[in-house]
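Please model the entire structure based on the sequences and the hints provided.
Residue numbers for the sequence shown follow this note's numbering, beginning at 1105 and rising by one.
Rather than coming from a laboratory, the hints here were simulated on the basis of the structure.
Careful, some of the hints might be misleading.
Unchecked claim - Computed Cβ-Cβ distance ranges for the label pairs, DEER-style:
1) R1197 to R1248: 23 to 31 Å
2) E1315 to S1156: 40 to 48 Å
3) G1256 to S1168: 31 to 39 Å
4) Q1143 to A1170: 13 to 21 Å
Here a beta-carbon is modelled for each residue, glycine too, at the ideal position from N, C-alpha and C.
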Amino acid sequence: MRLAVLGSGGIGGYYGALLAKGGHDVAFIARGAHLEALQQRDLTVRTPEGESTIPVTAVADTKSLAPVDLVLFCVKSYDTEPAAEALAPLMARDTAVVTLQNGVDNVEAIGSVVGSGAVLAGAVYVALQLAGPGVVLRTGNEGRIVFGELSGAVTERVQRIASAFTQSGIPHQVSTDINRVLWEKFLFIAGVGGVTALARSGIGPLLASAESRLLLTRPHTGPPDDRRVPVGSSAIRIGEAAHPSALGNAGLRKRQALARKRKSNPWTPRCGVPTP
1105 MRLAVLGSGG IGGYYGALLA KGGHDVAFIA RGAHLEALQQ RDLTVRTPEG ESTIPVTAVA
1165 DTKSLAPVDL VLFCVKSYDT EPAAEALAPL MARDTAVVTL QNGVDNVEAI GSVVGSGAVL
1225 AGAVYVALQL AGPGVVLRTG NEGRIVFGEL SGAVTERVQR IASAFTQSGI PHQVSTDINR
1285 VLWEKFLFIA GVGGVTALAR SGIGPLLASA ESRLLLTRPH TGPPDDRRVP VGSSAIRIGE
1345 AAHPSALGNA GLRKRQALAR KRKSNPWTPR CGVPTP
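Okay, structure coming up:
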């Protein structure tokens, strides 16, 4: 399978490396010092199991690439629109774009550029970061990707992507209700991630305190009835052992992807729920 990774940081770099190691033809789109490192020293992946360096193809933009079978769309949410505009050279009639971003409106934004039928959604549950130019770090276990069609159908292309993940040793799950999956993760990041960043605290200590646990889990209101997505207690259970990127970004004074997700929440003005 021919793939392009748009956004070659922690998530894109890690999964792109596994797919390349699994025998797939992967091109990484990167920039700055990270691009230079990929071109000169290839991509190093560090995990609790060890360290490996994978030979990669890395370019500065999509214009030098031919159409691919699959795009892993892994940029931060605040870069969604310009990154979507860069997809054109990669797109053929059957090209699939899988967004592994956080948030609930990225599929719509990407689809407005390349067509909604080309886009699938996914959620990643793993601790990954760009440890330095050309170096991706995974802490904790292998995690998993949950992905699927917005329609819930298990299509032929979903099966092809799942097969590529299996071949590359990527733990994954095909979801028939990916919208619910996205909302559950969004609730966790928007509520819990913001609090951990402000408190400069991990999730464990916050959940251990009755007062802060109430702050994290107290219900307010939700989307209008016509857009409600049922979520269960798993949206809270996810947080017990997780480490939101918002906390790490705050410590490193990085720009928060959370800001765009909050600002772009289309139901905030309709529900009257104040959000930072």
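Hints versus structure:
no. : hint                       : in the structure
1   : R1197 to R1248: 23 to 31 Å : holds, 30 Å
2   : E1315 to S1156: 40 to 48 Å : holds, 45 Å
3   : G1256 to S1168: 31 to 39 Å : holds, 36 Å
4   : Q1143 to A1170: 13 to 21 Å : holds, 19 Å
When held up to the earlier numbered hints, the structure conflicts with none and fits them all.
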